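Chemist: Build the full structure now, drawing on both the sequences and the hints.
Here the protein sequences come in this chain order: A and B.
Residue numbering for the first sequence follows this note's numbering, beginning at 1 and increasing consecutively.
Residue numbering for the second sequence follows this note's numbering, beginning at 1 and increasing consecutively.
Derived from the structure by calculation, the hints contain no laboratory data.
Since we're looking at a predicted model, the values are computed, not measured.
Even glycine gets a Cβ: it sits at the ideal position worked out from N, Cα and C.
Among the hints, erroneous ones may be present.
[As the list claims (entries may be wrong)] Beyond 10 Å from chain B on every Cβ pair, some chain A residues (computed):
id	residue
1	G75
2	D90
3	T97
4	K172
5	K194
6	Y200
7	L267
8	N299
9	G321
10	G339
11	M389
12	L396
[What the hints assert, rightly or not] 20 Å max Cα-Cα, derived SDA-like pairs, lysine to any residue:
id	chain 1	residue 1	chain 2	residue 2
13	A	K134	A	Q349
14	A	K91	B	A241
15	A	K352	A	A72
16	A	K91	B	Q244
17	B	K155	A	Y200
18	A	K348	A	E325
19	A	K352	A	T374
20	A	K119	B	F265
21	B	K72	A	G428
22	B	K149	B	I166
23	B	K72	A	A444
24	B	K134	A	N296
25	A	K99	B	C43
26	B	K155	A	N296
27	B	K217	B	N235
28	A	K194	A	K119
29	B	K79	B	F65
30	B	K134	A	Q278
Below are the chains, spelled out letter by letter.
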Amino acid sequence: MKKFLALVLSLAMVLSLAACGGNKAPAEDTKPAETDEPAPAEATQSIDLWVYPVGGWGQEDNVKALTDAFTAETGIEVKVEYLAYADGDDKVNTAITGKNQPDLIMEGPERLVANWGAKGYMVDLSDMLDDTDKSELIAAALTPCINAEGKMYEYPMCMTAHCMAVNLDAFKAAGADQYLDLENRTWSTENFKKAVAALYDHFGGTVAAVYCKGQGGDQGTRALINNMYGGAYTNADHTAYTWDDPKNVQAIEELLAMDGIAFDASLEGGDEIAKFYQGVLKMAFCWNSAQQINPNNANTGEGKTVTGEEIVYMNFPTPDGSPAELCGGIWGFGIFDKGDAARIDAAKQFIKFMCDSAHTKDAVSTSTFFPARTAAEGTDLSKVSDNVMLNEYAALMVPNMGDYYNVIKGWAAQRTEWWNMLQEIGNGADINETIAARMANANAAAQG
Amino acid sequence: MAKQPRSTMSRALVRRETISGYMFLLPSLIFFLGFVIIPMFICIYTSLTSANMNDPGSFVGFQNFMDLFHDKTFMMSLKNTFLIVIVSVPTVCAFSLWVSSAIYKMKGPALSAFRCIFYLPVVTGSVAVTVVWKWMFDNYTGLFNAVLKGSGVIKDNINFLGTPGIAIWCIILILFTTSVGQPIVLYVSALGNVDQSLVEAAEVDGATNMQVFWKIKWPQIMPTTLYILVITTINSFQCFALIQLLTQGGSDTNTVMYYIYYTAFKLTEQAGHFGYANAMGVILAIFIGLLSALQFRLAKEK
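Modeler: So, in structure tokens, the structure goes:
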């Protein structure tokens with residue numbers, strides 16, 4: 001009896017192991033073919049899509065409506081996985097290493113073109129562009145999606161210009177609203193400094209943070225420092241970082257010296273937004289149209305803090321108060337090259353559906369950003385939303401999108417150098433030496 | 001002659017039992033080989049290459065190891081890791097022994113209550129625990145700043161997690177609270193199993209409480225102490241989640257474990273980043289092995 005029991009138990013354990021690994025076989029179907037030649041194109045019924053939280057595309061309910069519509073039209077099912085910026089890159093990189101990357105991914109050129117595309121993981125989508133597409137796509141959105149060799153690793157769908165925001169009620173209470181040009185949403189660096197001083201005198205403590213805990217939302221600190229005195233982040237041909245531009249150094253020195261501004265190593269972009277939304281900070285340097293329409297993703301009302309104070313989006317301050325050069329966000333889809341022609345074809349159908357069809361309007365408005373093209377298959381996209389704020393934002397901010405330098409090599413590595421540089425400067429390190437050392441590391445990464 | 005049949009039967013029985021034993025071990029052995037032993041050898045091999053993601057790279061010998069010791073970030077991570085181990089291991093052991101000594105004679109609900117209190121941070125998800133600590137340490141609205149400021153101890157808020165020199169101690173404190181639970185439970189059990197006849201005999205002979213503890217109880221709980229020392233050392237060396245969730249290696253809190261992850265999965269554009277990260281893993285394993293061996297040796301001598 002004992003022997004029988006032992007045998008049964010052993011078999012049960014071994015079988016349970018087999019059962020645990022039993023779902024491996026079907027998964028093999030989705031693995032890339034190990035041959036040099038792509039597999040013959042056959043109809044595929046299911047594709048995988050991984051999305052970063054690009055505005056409303058981070059919310060499952062919104063995306064499901066779009067993917068359901070795609071499935072209804074094509075019969076192709078879309079399995080969506082929602083990534084977070086905190087660890088999304090890790091998941092994708094791990095998936096690439098394990099050769100189980102998704103068919104489609106939604107993000108921007110810094111990842112799709114300059115990183116995964118440059119390493120040869122992506123499918124060239126240039127065959128999806130015809131002359132009509134080239135005329136409809138906005139050049140500022142299309143150019144970063146194509147690399148120097150003419151390969152297109154991202155098909156752009158939507159775009160925005162990242163800006164900053166102020167708590168207008170707090171500004172009024174401190175008498176700092178006089179420094180804002182609310183009609184054009186612009187202000188000068190001198191007025192910015194006066195506003196910070198007024199806010200500090202009124203509220204005390206930190207009124208705005210040069211957040212530097214990590215890379216999250218670093219476009220805000222880059223844009224602030226570059227715009228204050230017109231400094232550049234990279235050279236014109238995007239081959240080297242130029243953080244030691246004297247105009248950048250001046251901006252950093254002045255920010256460091258300002259009462260009310262903290263170089264805060266306990267916050268990154270998302271934390272800063274939360275503090276701004278709570279009313280703790282009076283300015284946010286990490287902002288865009290999606291945040292304006294739904295601050296802190298808290299669903300408590302457009303353009304309002306948690307306590308109902310009015311949020312106003314603004315350009316970053318510039319020396320003469322002209323519109324700033326805003327960092328852009330260009331989001332679209334890329335296809336991972338898994339060697340399966342059928343899956344690539346299905347993924348291209350998905351891209352066509354979302355980026356260049358009658359459904360593009362819905363796909364773009366879901367993002368709460370702006371279309372990367374003026375029209376799609378006869379549909380006018382000049383006005384995708386009835387929302388007044390979004391249309392104002394499109395008129396006031398999107399045209400200010402500056403040079404899209406994110407496609408420079410070594411982008412991921414330089415982000416680490418940037419926030420570490422800000423931390424060290426905030427902790428009292430010599431400004432010029434720190435910038436020089438960190439920039440040298442970033443440039444080493446840019447040289448590959 | 002009479003022994004022969006019995007011996008043959010015994011060998012057959014032993015063989016059958018051995019086979020049964022290995023059959024039971026087999027599932028675990030598969031996992032152990034697949035997820036520990038084989039990856040360990042892959043790690044050692046990869047550390048000698050310039051491997052990147054999706055690229056096995058070429059053999060570079062000990063170049064990665066030589067580069068490591070010129071890498072300021074790695075040296076800082078190593079220093080922080082040792083600081084965490086040196087502070088955390090003795091304090092965890094001493095505190096858990098002290099608490100266990102105080103509570104192990106308690107009966108029923110009181111003992112269970114203390115066990116629950118100290119074990120709660122262990123069974124609570126590390127992310128949840130860390131997020132709560134993060135709120136308490138918050139620079140703007142945190143509990144600690146509110147209490148310290150409210151009581152007049154500080155004038156301006158302290159940026160606990162954003163200030164080098166403070167952040168690492170905050171992490172050590174959190175690590176301490178999440179590490180004492182298991183040692184306390186183990187010590188309570190070990191102290192309860194100490195041979196009472198020896199304790200009573202010593203007391204009859206006039207031994208003081210301290211003498212009873214050091215001469216009778218301490219030697220008997222030494223295996224437990226050794227286990228706690230080794231486990232706490234390994235956990236401290238592998239401090240990762242707290243760094244990831246609280247500082248991302250900033251404010252001078254980088255540890256070797258976090259730097260391994262960062263190099264392997266964030267610095268994907270850096271040539272040879274997989275090989276380099278694996279070299280760090282090998283160094284970390286060597287240090288853990290050496291320290292554990294030292295602890296075994298000292299415990300054996302005792």
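Chemist: Look at each hint and say if it fits the structure.
Modeler: To see whether the hints hold, each was checked on the structure:
no., hint, in the structure
1, G75, "33 Å, holds"
2, D90, "5 Å, violated"
3, T97, "5 Å, violated"
4, K172, "22 Å, holds"
5, K194, "23 Å, holds"
6, Y200, "13 Å, holds"
7, L267, "8 Å, violated"
8, N299, "21 Å, holds"
9, G321, "30 Å, holds"
10, G339, "14 Å, holds"
11, M389, "28 Å, holds"
12, L396, "30 Å, holds"
13, A:K134 to A:Q349, "18 Å, holds"
14, A:K91 to B:A241, "16 Å, holds"
15, A:K352 to A:A72, "15 Å, holds"
16, A:K91 to B:Q244, "15 Å, holds"
17, B:K155 to A:Y200, "16 Å, holds"
18, A:K348 to A:E325, "33 Å, violated"
19, A:K352 to A:T374, "15 Å, holds"
20, A:K119 to B:F265, "15 Å, holds"
21, B:K72 to A:G428, "19 Å, holds"
22, B:K149 to B:I166, "17 Å, holds"
23, B:K72 to A:A444, "16 Å, holds"
24, B:K134 to A:N296, "19 Å, holds"
25, A:K99 to B:C43, "19 Å, holds"
26, B:K155 to A:N296, "30 Å, violated"
27, B:K217 to B:N235, "26 Å, violated"
28, A:K194 to A:K119, "47 Å, violated"
29, B:K79 to B:F65, "17 Å, holds"
30, B:K134 to A:Q278, "17 Å, holds"
Hint violations for this structure: numbers 2, 3, 7, 18, 26, 27, 28, all remaining hints satisfied.
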